[in-house]
Amino acid sequence: METFHSEAEEGPSPFLVRDDNASAHTKASAKASANASGSGSGTGREKDKDADADADADADDTEADPDADPEYVECLAEGCGEVLLRSQMEYHLELHAEEARNWDAAVVPSSITATETPSPGPAPSRRHRDGERERHRHGDRHGDRDRDRDRDRDRDRDRDRDRNRGDVSSTQARAIFAWKNLLRMPGSSHSSHSSRRRSNEKSSTSADPAPAANNKRLGKAQLGKYAHEDRMPDWLVAHLQKGGQIKAEGIIPVLAQLLEQCSSTKYAYLCHPCVQHVSKLKREGGFCGYRNIQMMSSYIIGAKFKGHQHFNKKIPSIFQIQDFIEQAWDEGISSQGRIETGGIRGTRKYIGTPEALAMFRLLEIPCDAQGFKNKEPGKSEALLMEDVENYFQSGVEDPTQRVRVTNIPPIYFQHAGHSMTIIGLEKLKSGAKNLIVFDPMFHDSSAITKLVGRKFENMFPDLALKPYRRGNKYLKKYREFEILRLRPPTESGFVDLSAQSRREES
Numbered sequence: 003m004e005t006f007h008s009e010a011e012e013g014p015s016p017f018l019v020r021d022d023n024a025s026a027h028t029k030a031s032a033k034a035s036a037n038a039s040g041s042g043s044g045t046g047r048e049k050d051k052d053a054d055a056d057a058d059a060d061a062d063d064t065e066a067d068p069d070a071d072p073e074y075v076e077c078l079a080e081g082c083g084e085v086l087l088r089s090q091m092e093y094h095l096e097l098h099a100e101e102a103r104n105w106d107a108a109v110v111p112s113s114i115t116a117t118e119t120p121s122p123g124p125a126p127s128r129r130h131r132d133g134e135r136e137r138h139r140h141g142d143r144h145g146d147r148d149r150d151r152d153r154d155r156d157r158d159r160d161r162d163r164d165r166n167r168g169d170v171s172s173t174q175a176r177a178i179f180a181w182k183n184l185l186r187m188p189g190s191s192h193s194s195h196s197s198r199r200r201s202n203e204k205s206s207t208s209a210d211p212a213p214a215a216n217n218k219r220l221g222k223a224q225l226g227k228y229a230h231e232d233r234m235p236d237w238l239v240a241h242l243q244k245g246g247q248i249k250a251e252g253i254i255p256v257l258a259q260l261l262e263q264c265s266s267t268k269y270a271y272l273c274h275p276c277v278q279h280v281s282k283l284k285r286e287g288g289f290c291g292y293r294n295i296q297m298m299s300s301y302i303i304g305a306k307f308k309g310h311q312h313f314n315k316k317i318p319s320i321f322q323i324q325d326f327i328e329q330a331w332d333e334g335i336s337s338q339g340r341i342e343t344g345g346i347r348g349t350r351k352y353i354g355t356p357e358a359l360a361m362f363r364l365l366e367i368p369c370d371a372q373g374f375k376n377k378e379p380g381k382s383e384a385l386l387m388e389d390v391e392n393y394f395q396s397g398v399e400d401p402t403q404r405v406r407v408t409n410i411p412p413i414y415f416q417h418a419g420h421s422m423t424i425i426g427l428e429k430l431k432s433g434a435k436n437l438i439v440f441d442p443m444f445h446d447s448s449a450i451t452k453l454v455g456r457k458f459e460n461m462f463p464d465l466a467l468k469p470y471r472r473g474n475k476y477l478k479k480y481r482e483f484e485i486l487r488l489r490p491p492t493e494s495g496f497v498d499l500s501a502q503s504r505r506e507e508s
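Just so we're aligned, residue 3 is where the sequence shown starts under our numbering, counting upward by one.
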């Protein structure tokens, strides 16, 4: 879980990762990459050049207080404990309900359906033939009985379907009901926190180094509830060391089958199937930024992407990621991050795109980052969707396929308050688009993990896909997004993203 980082009034964008002694050429490339979204783009750590936008924000906002405590609340769902902005809680609880749903009755193995024809049995016995004649003789009576039996079977099937749609544990249900009632109470608006943060989110496209004095220490609005923590509790250290991370492999091929079976899907793209869904441990809190770095690392390891040797075939732990980021700062890579955060080693402070970029830059893993910012409702979302679709199109070998599974990397995706990993994009027949994501806040349903490595048919693919879709209903709440992409080699036919950024800027 993360929020955007602010920056000094005249300082550069800390969103761009730089060596302190970077060459002019490197600075120019970084500047071009940050501007790739075109008019109205930017990031949460950049200064906005649009004077009108600044004037509008100043007219509405009060003076930012980095130590002001935003409306953080703890999720009461069993085993969660996630600390969230209050405005995000209702959607969060909806996804908990999906996480706990039981889909077993909705899934039919393909081997029992149209993929195989039952082998013929033995010839009917004399008793069976006599029974058939008897049924024909009393056809009306037996027909009525058969119709009654069919009616009972249909009623049972409908009851099972309704049960599946609402199958959530009683503890979960009570927590969800309580929170939804609370969220409907007056005063649940999140505008006060939003206004405080907006004044710290003026963007800048400058790539020139700024004096360290211009960098401000961030507060709870950017780094979360534990912004001033020197050390996380010992119980949490032990919990993270013992539990590691929850990993689910083979989920992308399952999603590919669901998308194929979904009547509302026009076409879809998916990233490399080796990407694992890494999700949080119970009661761990807000380590979503780390979990997304782990998902990106699962691709780097699985696809043997450049730099994979640094991980020794193992996804790095939260503590190893903290060490990588701190080492990057030591070596002058985005070193202003240490000033802004006060250091992250051994703490629960939120991290985001700048820290992920610093780590990958340290390990010489080729990547770039891009921001999308526009005050016009829906504009940033449209730019994001267009860019993500162009990215996935670059890895398609057969564009005639309805579901196009590629071999390209996933995308690190951040907005204010949270981050996820984009593993694909879906276009619906209605014309709407959805990001397909792995959200580290949630585990895959057991009914989904049971399907790994199997062929199946699902009666309700739309509902099964819901936890992985992020469309307009979710994205419309935000005006600013950041993404980080690994740069696949151009000789494989993939887009050179930095070159594309320079073309778009010109």
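Please note that the accuracy of each hint is not assured.
Stated by the list, open to error - Keeping only pairs whose Cα atoms sit at most 25 Å apart, straight-line, the calculated BS3-like set for lysine-lysine is: (1) 249 to 381; (2) 268 to 377; (3) 268 to 478; (4) 249 to 306.
Think of the hints as simulated: they come from the structure by calculation, not from any bench. Just so we're clear, the structure is a prediction, and the values are computed from it rather than from any experiment.
Quick rundown of the hints versus the structure:
no., hint, result
1, 249 to 381, "violated (35 Å)"
2, 268 to 377, "violated (30 Å)"
3, 268 to 478, "holds (22 Å)"
4, 249 to 306, "holds (18 Å)"
Hint compliance for this structure: hints 1, 2 are not met, and every other hint is.
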